[in-house]
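There are 2 protein chains.
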Amino acid sequence: MEYLFSHMVNSMHAEDVKLLMKQSSGKSMISFAGGMPNNDLFPVKQIDEIYNSLPDNLKKLCFQYGPTSGFPPLIKSLEKYLEKKGLPIKSDKILVTTGSLQAISIITQAFVNKGDIILTESPCFVGALTVFETYGADIQGVPIDENGIIISELKSKIDSLDKIPKFLYITPNYHNPAGIIYSPERKKALLDALSGTGIILLEDDAYNDLYFKEDEKYLTKPIKSYESTDVEIIYTGSFSKILGPGFRLGYMLASPEIFDKSETIKQALDACTSNFNQILANEFLKQGKLDSYLDFLRNEYAERKEILIKSLEKFMPNKVMWNEPKGGFYVWLTLPKNINSTTIFKESVKKGVVFVTGRTFDPKSKKDDCFRLAFSNVPKEDIEKGVKILSGAVKKVLGEN
Amino acid sequence: MEYLFSHMVNSMHAEDVKLLMKQSSGKSMISFAGGMPNNDLFPVKQIDEIYNSLPDNLKKLCFQYGPTSGFPPLIKSLEKYLEKKGLPIKSDKILVTTGSLQAISIITQAFVNKGDIILTESPCFVGALTVFETYGADIQGVPIDENGIIISELKSKIDSLDKIPKFLYITPNYHNPAGIIYSPERKKALLDALSGTGIILLEDDAYNDLYFKEDEKYLTKPIKSYESTDVEIIYTGSFSKILGPGFRLGYMLASPEIFDKSETIKQALDACTSNFNQILANEFLKQGKLDSYLDFLRNEYAERKEILIKSLEKFMPNKVMWNEPKGGFYVWLTLPKNINSTTIFKESVKKGVVFVTGRTFDPKSKKDDCFRLAFSNVPKEDIEKGVKILSGAVKKVLGEN
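Residue numbers (the numbering used here), protein chains in the order written: chain A, 396 to 796; chain B, 396 to 796.
Just so you know, the hints here were simulated from the structure itself, not pulled from any lab data.
Which copy is meant is left open, because identical chains are indistinguishable; a pair holds if it fits in one copy or across any two.
Below 20 Å or equal to it, Euclidean Cα-Cα: the simulated EDC-like pairs (lysine to aspartate or glutamate) are:
| no. | residue 1 | residue 2 |
| --- | --- | --- |
| 1 | 550 | 533 |
| 2 | 681 | 478 |
| 3 | 455 | 435 |
| 4 | 455 | 444 |
| 5 | 509 | 528 |
| 6 | 471 | 655 |
| 7 | 656 | 410 |
| 8 | 454 | 443 |
| 9 | 488 | 474 |
| 10 | 454 | 435 |
| 11 | 413 | 655 |
| 12 | 455 | 695 |
| 13 | 413 | 658 |
| 14 | 455 | 443 |
| 15 | 454 | 444 |
| 16 | 709 | 779 |
| 17 | 616 | 686 |
If you're wondering where the values come from, they're calculated on a predicted model, not measured in any experiment.
Please put together the full structure from these sequences, using the hints given.
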């Protein structure tokens with residue numbers, strides 16, 4: 396119990412966790428906090444089948460060291476998988492990492508010295524912010540709208556800085572935490588804006604496969620697959636959302652020069668990623684089990700999203716705004732001016748509902764008028780109940796009840 | 396085949412790998428190079444049993460994120476395991492890491508800035524040297540003899556430096572590459588020598604369980620378990636030698652202050668270590684499967700060591716010296732003065748035998764009059780044949796045939 400509780404709070408603000416600990420022992424909480432799949436959604440049966448049909452020599456190899464760059468058959472499978480997304484697997488190279496967070500960590504170590512500038516979206520994935528802070532970066536956030544990073548804001552931010560930022564980190568498809576997807580026009584405009592600046596684009600595409608509608612799949616086209624420009628793009632992906640975070644499997648696709656630099660750092664971080672996990676993941680791809688599992692996942696998440704949006708429409712006060720995501724895990728809510736999500740959080744936790752406050756995702760840990768609901772990890776039957784409680788807390792803070 | 400070859404060369408000097416690539420396609424080589432268990436020695440059956448009897452909720456948890464510090468039940472099992480070794484599990488805290496190399500990497504990131512001094516043994520585990528180099532440390536080696544680091548040399552090294560070294564890194568039990576074990580007297584003398592210097596001791600104990608004789612087990616007593624002194628000791632251990640490197644599982648035991656610092660860095664490196672691997676490893680410990688497996692392993696390695704020593708006595712010229720290890724994976728050979736192991740390597744590779752040259756383990760990549768034979772990864776039936784070929788190469792270089 397204590398353990399289940401501890402990973403629920405993984406992505407939460409430290410202050411919010413303290414409050415949560417005080418208010419509750421973790422029991423009977425409805426959590427919209429964790430940005431992970433629900434335990435009941437994992438492909439346990441498929442991995443069982445794979446594990447138990449591994450030939451003897453491959454099973455032994457699970458226990459052994461592998462090359463730093465990754466288990467070669469997995470790299471081949473990833474090449475096929477990424478080629479279908481239009482990614483340049485011939486000119487660029489794949490490095491398998493211990494989760495995609497390790498890829499972000501490696502790139503930060505490769506390019507950033509204390510005081511160097513990193514551009515991010517505002518709001519931004521908190522895990523990446525933690526990495527950037529740990530390595531002493533000067534993090535500069537650029538606001539986003541419903542179509543992606545705001546290009547004029549990006550340009551004036553770059554102009555206002557007296558150093559060239561080392562890279563721009565973004566999660567363009569099903570943004571964490573904002574739930575939006577960049578429009579194709581915005582993706583192109585972003586490349587144009589970065590052209591000639593020397594700023595690397597770090598494209599974190601962890602949610603790429605999680606579109607809700609087949610006819611909107613084209614929106615997920617990675618920026619790295621766009622017509623060649625002079626912008627250096629490092630693309631990262633993850634098995635955490637399409638197999639399970641417990642495998643700690645991610646990868647980066649980067650130019651040979653950046654690959655070499657990254658491989659050297661990876662060697663000094665953990666020598667190689669677990670062969671055990673790589674071999675299972677490779678069979679998952681190779682045996683075509685991913686496609687049918689993704690069909691299942693997309694339906695599950697779309698259904699959860701539907702219930703969440705309907706519940707919000709039913710219970711949430713009109714003054715609160717939110718987007719309806721086209722994929723991924725998140726709905727991002729905006730409060731009326733001068734209302735802090737931390738105030739809502741305090742009320743909500745008392746009544747048994749947890750979410751992640753806006754300031755958690757702010758590069759300066761301040762802006763707090765939004766908050767994130769993750770629907771990926773809530774049992775369907777709890778969503779409406781949770782939203783009702785949450786809405787009650789919002790109403791109380793707004794003085795509406 | 397290409398893949399098997401690639402991890403065989405993991406710990407080899409880059410120049411030696413180039414030569415190896417040129418001389419051979421990797422086929423029909425006898426390799427004394429890799430410091431890893433042979434694929435046929437892994438506890439595949441035991442892990443099969445564990446995997447297939449995992450209760451459903453635990454299997455689902457394999458796929459999920461866990462706390463950064465480690466899967467709590469595994470930490471409890473490790474506490475029991477380390478307590479038996481006399482380690483201070485009450486005052487200190489365990490951090491589970493993605494292999495023990497990650498623990499070394501974390502400690503380096505926590506304490507070392509570019510240009511800071513790290514003391515090592517000379518020779519030293521090449522994986523650690525790679526980490527220290529990657530983070531820009533000034534590595535200062537101190538020679539060892541058959542009982543451990545030479546205390547007078549350590550003292551004069553410390554006196555000669557104009558900065559206080561950040562830590563001393565050692566592998567006291569079944570040293571990699573030198574195969575020796577520190578005597579209890581030397582362990583005590585080392586603590587006395589470090590007392591009052593402010594130099595942290597980083598004790599890498601990856602081979603602790605691999606003694607050959609029960610009545611020599613007492614020699615493996617970790618330095619961290621010795622009577623309390625003012626020396627800060629960080630202890631690291633690994634599942635790579637007692638379960639399989641493919642699990643990428645290690646840990647550190649450190650004071651609460653160092654634990655906190657390390658946990659923050661770990662969070663920014665890969666968020667957490669694979670739950671999948673941690674849950675399997677925990678059952679391996681909890682169900683008592685490790686003890687019987689270790690009995691098997693110790694016999695296997697002792698047998699390989701016997702064959703290797705007998706073969707050396709039979710074929711190797713008298714001018715070459717070596718130690719007889721009491722445990723672990725390695726025999727360390729010393730050549731007559733002015734003979735480089737790289738010269739022997741060139742001859743030996745032509746005839747189909749690979750090992751790791753002395754300069755690979757030298758903190759300055761120079762001293763080359765020794766070389767390492769690992770018996771852990773050679774099939775028993777190949778050992779004598781391999782030594783015969785190797786001895787032929789040595790004789791040729793010495794002008795004895």
